[in-house]
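*Asks:* Construct all of the structure, not just a fragment, from the sequences and the given hints.
2 protein chains.
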Amino acid sequence: MASVFRPAVDAMPGYTPGEQPRQQGWVKLNTNENPYPPSPAVVQAIRDTAAGALNVYPDPNATTFRTVAAELFGVTPDWVLPANGSDENLTIITRSFCDPQDTIGYPYPSYILYETLGQIQGCSVTRLLLDKHWQWTDAAAGTMRQKCKVFFVPCPNSPSGTVWTPNQLLELLPENGVLVLDEAYGDFADNPHHGELLLDERFQKRLIITRTFSKSYSLAGIRFGFCLAHPELIEGMNRVKDSYNCDAIAIAASTAALRDQEWMLNNRDRILKTRSRLVEQLARLGFDVCPGQANFVWITHPTHDHQDIYQQLRNQRILIRFMRFPHATADKQELTGLRITVGTEEQTDTLLQALQQILH
Amino acid sequence: MASVFRPAVDAMPGYTPGEQPRQQGWVKLNTNENPYPPSPAVVQAIRDTAAGALNVYPDPNATTFRTVAAELFGVTPDWVLPANGSDENLTIITRSFCDPQDTIGYPYPSYILYETLGQIQGCSVTRLLLDKHWQWTDAAAGTMRQKCKVFFVPCPNSPSGTVWTPNQLLELLPENGVLVLDEAYGDFADNPHHGELLLDERFQKRLIITRTFSKSYSLAGIRFGFCLAHPELIEGMNRVKDSYNCDAIAIAASTAALRDQEWMLNNRDRILKTRSRLVEQLARLGFDVCPGQANFVWITHPTHDHQDIYQQLRNQRILIRFMRFPHATADKQELTGLRITVGTEEQTDTLLQALQQILH
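From first to last, the protein sequence lines are chains H and V.
Start counting the first sequence at 557; every next residue gets the next number (my numbering).
Start counting the second sequence at 557; every next residue gets the next number (my numbering).
Read the hints as simulated data drawn from the structure, not as lab findings.
Worth double-checking, as some hints may not be accurate.
Claimed, not checked - Below, a list of computed lysine to any residue pairs in the SDA-like style, where the Cα atoms sit at most 25 Å apart:
{"#": "1", "chain 1": "V", "residue 1": "761", "chain 2": "H", "residue 2": "699"}
{"#": "2", "chain 1": "H", "residue 1": "761", "chain 2": "V", "residue 2": "571"}
{"#": "3", "chain 1": "V", "residue 1": "761", "chain 2": "V", "residue 2": "749"}
{"#": "4", "chain 1": "V", "residue 1": "703", "chain 2": "H", "residue 2": "559"}
{"#": "5", "chain 1": "H", "residue 1": "703", "chain 2": "V", "residue 2": "566"}
{"#": "6", "chain 1": "H", "residue 1": "761", "chain 2": "H", "residue 2": "699"}
{"#": "7", "chain 1": "H", "residue 1": "761", "chain 2": "V", "residue 2": "558"}
{"#": "8", "chain 1": "V", "residue 1": "761", "chain 2": "H", "residue 2": "559"}
{"#": "9", "chain 1": "V", "residue 1": "761", "chain 2": "H", "residue 2": "668"}
{"#": "10", "chain 1": "H", "residue 1": "761", "chain 2": "V", "residue 2": "829"}
{"#": "11", "chain 1": "V", "residue 1": "829", "chain 2": "H", "residue 2": "611"}
{"#": "12", "chain 1": "H", "residue 1": "761", "chain 2": "V", "residue 2": "757"}
{"#": "13", "chain 1": "H", "residue 1": "703", "chain 2": "V", "residue 2": "655"}
{"#": "14", "chain 1": "V", "residue 1": "761", "chain 2": "H", "residue 2": "570"}
{"#": "15", "chain 1": "H", "residue 1": "688", "chain 2": "H", "residue 2": "668"}
{"#": "16", "chain 1": "V", "residue 1": "761", "chain 2": "H", "residue 2": "688"}
{"#": "17", "chain 1": "H", "residue 1": "761", "chain 2": "V", "residue 2": "566"}
{"#": "18", "chain 1": "V", "residue 1": "703", "chain 2": "H", "residue 2": "570"}
{"#": "19", "chain 1": "V", "residue 1": "761", "chain 2": "H", "residue 2": "558"}
{"#": "20", "chain 1": "H", "residue 1": "703", "chain 2": "V", "residue 2": "560"}
{"#": "21", "chain 1": "H", "residue 1": "761", "chain 2": "H", "residue 2": "681"}
{"#": "22", "chain 1": "V", "residue 1": "761", "chain 2": "H", "residue 2": "568"}
{"#": "23", "chain 1": "V", "residue 1": "761", "chain 2": "H", "residue 2": "563"}
{"#": "24", "chain 1": "H", "residue 1": "761", "chain 2": "V", "residue 2": "568"}
{"#": "25", "chain 1": "V", "residue 1": "703", "chain 2": "H", "residue 2": "567"}
*Replies:* As C-alpha cells, this is what we get:
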C-alpha cells in the first residue's frame with residue numbers, strides 16, 4: 557500500500573535535537589541549558605499549583621502570565637501570546653502565515669529547525685548566506701525582503717552569538733510578510749531591549765519577537781515561551797494555536813519566573829563572567845573564538861579536526877555540540893565547528909582541562 | 557496594507573472552547589472535567605520533578621511514559637506518541653496526513669474542533685450526517701471511505717455519548733488514509749478496550765487511537781495525551797511533532813496517573829453511578845435523555861427552550877453546555893440541546909434542584 561502520509565512528510569528527514577542523556581554523570585554543554593536552577597519562587601508556584609485543582613482546564617489565555625509579560629515589555633497583554641515552548645512559537649507562526657506557494661527565509665548558518673518547519677508546512681525555504689563575519693550583503697537582503705513571507709532571525713544568533721542592529725534587521729523586513737526575531741538568547745545580549753522595537757513604527761504590524769523560558773530562566777524542563785507582536789498579529793495566531801496549549805503548572809511557573817527578574821539577572825551575570833574566562837582560555841588553547849552575546853561560544857580550530865575533539869570529549873562524558881553546515885558559503889563550502897554552552901565554573905574547568913589534554 | 561495571514565486563517569472564525577470561569581463558586585458542568593482530584597501519586601510525582609533539574613530539557617521521547625502506556629495496551633513503546641493534550645494529538649495528525657487537496661471527514665454532530673483543524677491545515681472538511689439515533693447510512697459511509705484522507709470518530713461521541721462497534725467503525729476506514737478514534741472518553745465506555753483493535757488486521761497501519769488525561773485521569777490542568785498506532789505511523793508523526801512537546805512535569809504526572817489504575821477506575825465507577833441517578837432524574841423532569849457511555853449526558857426537552865434553561869442555570873452560577881448544531885439533518889434543520897457533565901453527587905443535587913425550579 558502507498559504511504560498515507562503527505563509526500564512532504566515522507567520526504568523530510570525530521571529535526572534531530574541535541575542529545576539528552578538520561579543517565580547522570582555527564583558534563584552537559586551541548587543544548588544551551590542554564591547550569592543554575594530556577595528561582596525558588598518557581599518551584600513554590602509549581603507546588604502550589606499541584607496542590608490545587610489540576611482536574612480543571614487551565615486558563616486558555618494565560619491571563620496572569622500575559623499581564624506580567626506585558627508590563628515587562630511596556631505593552632498591553634493583547635501583545636502577548638503564550639506557547640508551549642519557543643518551538644511552538646515558531647510552529648504557530650508558520651501555520652499562521654505560510655501557504656504552499658510562500659517562502660520562509662533565514663540566515664545561514666543558524667537554527668536549522670526553521671527549515672524543518674518549512675518542510676512540514678509544505679512551503680519553500682531559502683537561506684540568506686552569512687559571510688565569515690556573520691553578515692549579509694545588501695543585495696541578498698533585498699532579495700529576501702521581496703521573496704519571503706516570513707523571515708526568521710535568531711538574535712543573538714546560534715551558533716555565532718551575533719547580535720544585529722535594528723537598522724540591519726530592518727533590511728530583512730519582508731515587504732509583504734513578517735519578520736520574526738527569535739530571541740531565545742535575548743536576555744544574554746550585551747544590551748537586552750525592553751520591547752522598544754515593538755513600538756518602532758518602521759516595523760509596525762510586521763514584527764514578531766519570540767522568547768523562551770528554557771535558557772535565561774532555567775526552565776527547559778517546563779516548555780514555555782511566548783510571542784510579542786501587535787495585537788492584530790496576536791489575534792490571528794491565537795486562532796491557530798490549540799486552545800489549551802499551555803498547562804496550569806507551566807503558566808504558574810513562568811509567571812513566577814518573570815516576576816523574579818533579580819534571580820534571572822544574577823544567573824545571567826554569572827554566566828557572562830564565566831563566558832569571559834572561557835573565551836580567554838579557549839583562545840589560549842589556539843581556538844578561533846567567535847565574539848558572541850549568548851550563553852554559548854562558537855569556536856573553530858585552525859588545525860585540529862572538530863569532530864575528533866567532540867568525540868574525545870564525549871569519551872570523557874563531556875558533551876558539546878559538533879556542528880556541520882553544508883553549503884555554508886557562496887562556493888558551497890562546508891562550515892564545521894564546535895558550540896559550547898557556558899556552564900558552571902566547575903564544568904568549565906573540567907572542559908578546559910580535557911581540551912588541554914586533547915590538544916597538547 | 558493587505559493582511560499578512562494566510563487567507564485560510566483570515567477566513568476562519570477559530571474554535572471557541574467551553575467557558576472557564578476564573579472565579580470560585582461555580583458549579584462547573586460544561587467541559588467534561590472530572591470532579592475528583594488526580595491520584596496522590598500524581599501530585600507527589602509533580603513535587604519530585606519540581607525539586608529536580610528543571611533547567612534541563614525533558615526526554616523528547618517521553619520514554620518512561622511510553623513504556624507504561626504500551627504495557628497497558630498490550631503493545632511495544634514504539635506504538636505510542638506523547639502529545640501536549642489530545643488537541644495536539646489531532647493537530648499532529650492533520651499536519652501529518654492532510655494536504656490542501658485532501659479531505660477530512662467526521663460524524664456530525666460531534667466535536668467541531670475537527671473542522672477548525674481542517675481549516676487551519678487548508679484542506680476540505682466533510683460531515684457524515686448522523687440520524688436521530690446517532691447512526692449513519694451505509695451509502696454515506698461508503699462515500700466517506702472513498703473521499704477522506706483522515707476520518708475522525710469520537711468514540712464515545714460527544715455530545716451523544718454513543719459508542720459504535722468495531723464493525724461499524726470499519727465502515728468508515730478510509731481506503732487511502734487513516735481512521736482516527738478519538739477516545740477522549742474511552743475509559744468511561746461500558747466495556748473499555750485494552751488495545752485489541754490496534755492488532756486487528758483489518759485496521760492494520762490505518763488506525764490511530766487518541767487518548768487524553770484530561771477526563772478519566774482528572775488532569776485537564778496538565779495537558780497530556782497520546783496516540784496509539786502502528787510504529788510506521790508513529791514514526792512519521794514523531795517527525796512532525798515539536799521535539800520537546802511534552803514537559804518533564806507532564807511526563808512524570810501522566811506516568812504516575814497511568815500507574816495508578818485503581819484510582820482512575822474508582823473515580824470512573826463513582827461517576828457512572830452518579831450518571832445513572834442523573835439520567836433517571838432528568839427523565840423524570842421530562843427531558844429526553846440520550847443513552848450515552850461518557851462522563852456527560854445529552855438531553856433535549858420537548859417543550860422548553862434549551863438556551864433559556866442554560867441561561868437560567870447560568871444565572872445561578874451553574875454552568876452546563878448549550879449546544880447548537882446548524883444543518884444537523886438531511887433537510888438542514890438545526891439541532892440544539894444541553895450537554896451536562898457528570899459532577900459530584902452534591903453538584904448533581906444542586907443542578908437537579910435548580911432544574912426542578914426552572915421547569916416547575
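*Asks:* Now tell me, hint by hint, if it's right for this structure.
*Replies:* Structure-based check of all given hints:
Taking the CA atoms of residue 761 of chain V and residue 699 of chain H, the gap is near 44 Å; set against the 25 Å cutoff, the hint is violated. With a CA separation close to 24 Å, the supplied pair residue 761 of chain H and residue 571 of chain V stays within the 25 Å bound. A threshold of 25 Å between alpha carbons decides the hint, and for residue 761 of chain V with residue 749 of chain V the separation of about 18 Å falls inside it, so the pair holds. A threshold of 25 Å between alpha carbons decides the hint, and for residue 703 of chain V with residue 559 of chain H the separation of about 16 Å falls inside it, so the pair holds.
For the suggested pair residue 703 of chain H and residue 566 of chain V, the alpha carbons sit about 21 Å apart, so the restraint of at most 25 Å is met. Of the pairs offered as hints, the one joining residue 761 of chain H and residue 699 of chain H holds, with about 21 Å between alpha carbons and a cut-off of 25 Å not exceeded. This hinted pair checks out: residue 761 of chain H and residue 558 of chain V have alpha carbons roughly 11 Å apart, not beyond 25 Å. For a cut-off of 25 Å, the pair hint linking residue 761 of chain V to residue 559 of chain H stands: about 10 Å separates their Cα positions.
A C-alpha spacing of about 31 Å is found between residue 761 of chain V and residue 668 of chain H, which places the hinted pair above 25 Å, so the restraint is violated. Proposed proximity of residue 761 of chain H and residue 829 of chain V is contradicted: the alpha carbons are some 54 Å apart, above 25 Å. Of the pairs offered as hints, the one joining residue 829 of chain V and residue 611 of chain H holds, with about 19 Å between alpha carbons and a cut-off of 25 Å not exceeded. At roughly 53 Å between alpha-carbon atoms, residue 761 of chain H and residue 757 of chain V are farther apart than 25 Å, so this suggested pair is violated.
In summary, the hint linking residue 703 of chain H to residue 655 of chain V is supported, as the alpha carbons are separated by about 23 Å, within the 25 Å threshold. The hinted pair formed by residue 761 of chain V and residue 570 of chain H meets the criterion: a straight-line CA distance of about 21 Å does not exceed 25 Å. Straight-line distance between C-alpha atoms of residue 688 of chain H and residue 668 of chain H comes to about 18 Å, which keeps the hinted pair within the 25 Å bound. At roughly 48 Å between alpha-carbon atoms, residue 761 of chain V and residue 688 of chain H are farther apart than 25 Å, so this suggested pair is violated.
Of the supplied pair hints, the one linking residue 761 of chain H and residue 566 of chain V holds, its CA atoms being roughly 15 Å apart against a limit of 25 Å. As the CA atoms of residue 703 of chain V and residue 570 of chain H are separated by approximately 29 Å, the hinted pair breaks the 25 Å bound. A C-alpha spacing of about 11 Å is found between residue 761 of chain V and residue 558 of chain H, which places the hinted pair at or below 25 Å, so the restraint holds. A C-alpha spacing of about 13 Å is found between residue 703 of chain H and residue 560 of chain V, which places the hinted pair at or below 25 Å, so the restraint holds.
Taken as a hint, the residue 761 of chain H and residue 681 of chain H pair is honoured in the structure, with Cα atoms around 23 Å apart against an allowance of 25 Å. Proximity of residue 761 of chain V to residue 568 of chain H is assessed by CA-CA distance (about 20 Å); at most 25 Å being required, the pair is judged to hold. Our distance criterion of 25 Å between C-alpha atoms is met by residue 761 of chain V and residue 563 of chain H, whose separation comes to about 17 Å. Restraint check for residue 761 of chain H and residue 568 of chain V: the C-alpha separation of about 20 Å stays at or below 25 Å, so the hint holds.
With a CA separation close to 24 Å, the supplied pair residue 703 of chain V and residue 567 of chain H stays within the 25 Å bound.
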